[in-house]
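So you can see what is in the structure, the chains are spelled out below.
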Amino acid sequence: MTGGYYSIEQVFHVKAGDFASAGEASSQIKKILKQLGIDSTLVRRVSIAAYEAEMNLVIHSVGGELKLKVTPQSIVVTAEDKGPGIPDIDLAMQEGYSTAPEIARELGFGAGMGLPNIKRCADRLNIQSKVGEGTLLEIYFDIKAR
Amino acid sequence: MKIEEIRDLLNAKLLTGEDLLDREVFSACASDLMSDILSYVKKQTVLLTSLTNAHVIKMAEILDVTAIVFVGGRTPAQEIVDMAKKMGIAVLATEYTMYEACGRLYSAGLPGCTRES
Ligand SMILES: Nc1ncnc2c1ncn2[C@@H]1O[C@H](COP(=O)(O)OP(=O)(O)O)[C@@H](O)[C@H]1O
Ligand SMILES: [Mg+2]
Chain A
1 MTGGYYSIEQ VFHVKAGDFA SAGEASSQIK KILKQLGIDS TLVRRVSIAA YEAEMNLVIH
61 SVGGELKLKV TPQSIVVTAE DKGPGIPDID LAMQEGYSTA PEIARELGFG AGMGLPNIKR
121 CADRLNIQSK VGEGTLLEIY FDIKAR
Chain B
1 MKIEEIRDLL NAKLLTGEDL LDREVFSACA SDLMSDILSY VKKQTVLLTS LTNAHVIKMA
61 EILDVTAIVF VGGRTPAQEI VDMAKKMGIA VLATEYTMYE ACGRLYSAGL PGCTRES
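Quick note, the sequences are listed as chains A and B, same order. Per UniProt numbering, the first sequence starts with residue 1, numbered consecutively. Per UniProt numbering, the second sequence starts with residue 1, numbered consecutively.
Just chain A, same shape as in the assembly:
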């Protein structure tokens, strides 16, 4: 990005089990990033990660928030929920590991590739989780000077 300073922050509420509106937050995020003129490859990476994080909130959590923060240097997507938490993060990060219920699998979810996909798309990923308290996912993307 050249010139203009901007910094935006937007919060989306994501409901547990609400498959009908699942994906809307990520779709909004994609629109916002496009409007900001962010490079299309980066928009794609952020959108894919946001989508996986949003679906995890819908499928696995009691509900939570997806947050987008954009500054001239970086994009940060945060997914935060209040439970149930991830007992073993290393295991959850493994490709193919999934505890997704049948209702999600019928729709094509539950490949156990979400967290690995997020990691692959991101420049940095921070996951914190505590059983009974919740999960915090911070997904960082650098905006490279061009």
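Do not take every clue at face value.
Stated by the list, open to error - Derived coverage of chain A by chain B (criterion: at least 3 residues anywhere in the stretch with Cβ under 8 Å from a Cβ of chain B; other residues may be distant):
1. 26-35
2. 43-56
3. 97-109
Derived by calculation from the structure, the hints in this document are not laboratory data. If you're wondering where the values come from, they're calculated on a predicted model, not measured in any experiment. Beta carbons: idealized from backbone N, C-alpha and C, even for Gly.
Take the given structure of chain A and dock chain B with the ligands to it, following the hints.
Using the frame of chain A, we list chain B with the ligands on its own:
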């Protein structure tokens, strides 16, 4: 490969995207797992799947998929087709099974997607 050629090779019905028939795709991805699709699909790709729920279309939008082919004689509900139409994604339906549909496109020279690094 143009969407038009895909339609002909798969003897498919075009459900929406008349104006997209001469759009070009450079690769194809076939899967019934959302996250697989999310990790493989590239830009200007045709997606082959037997999932016909609304999530496929939402995901296709996130990924900038050019066209979706529903295989094995599956036809999506009209609202799904309308959604894709709004997003500018071509939708086709073929009677060929996943295996045969993929084989036909691959033999005609359309390569598969490889995972993004
Ligand atoms: N927000 C979350 N809250 C609780 N558990 C989660 C959350 N996100 C992921 N998990 C756990 O990590 C596993 C792997 O997640 P992921 O890689 O996205 O695969 P999938 O969603 O297909 O199961 C999930 O099956 C679930 O057990
Ligand atoms: Mg997931």
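- Query: Are three or more residues of the stretch 97-109 of chain A within 8 Å, CB to CB, of chain B?
  - Reply: This one holds; 3 residues, not fewer than the three required, reach chain B with a Cβ under 8 Å.
- Task: Three residues minimum, CB to CB under 8 Å: does the stretch 43-56 of chain A make the cut for coverage by chain B? Let me know.
- Result: holds (count 6)
- Taking a Cβ-to-Cβ distance below 8 Å as contact, does the stretch 26-35 of chain A have at least three residues touching chain B? holds (count 3)
Hint compliance for this structure: no hint is broken.
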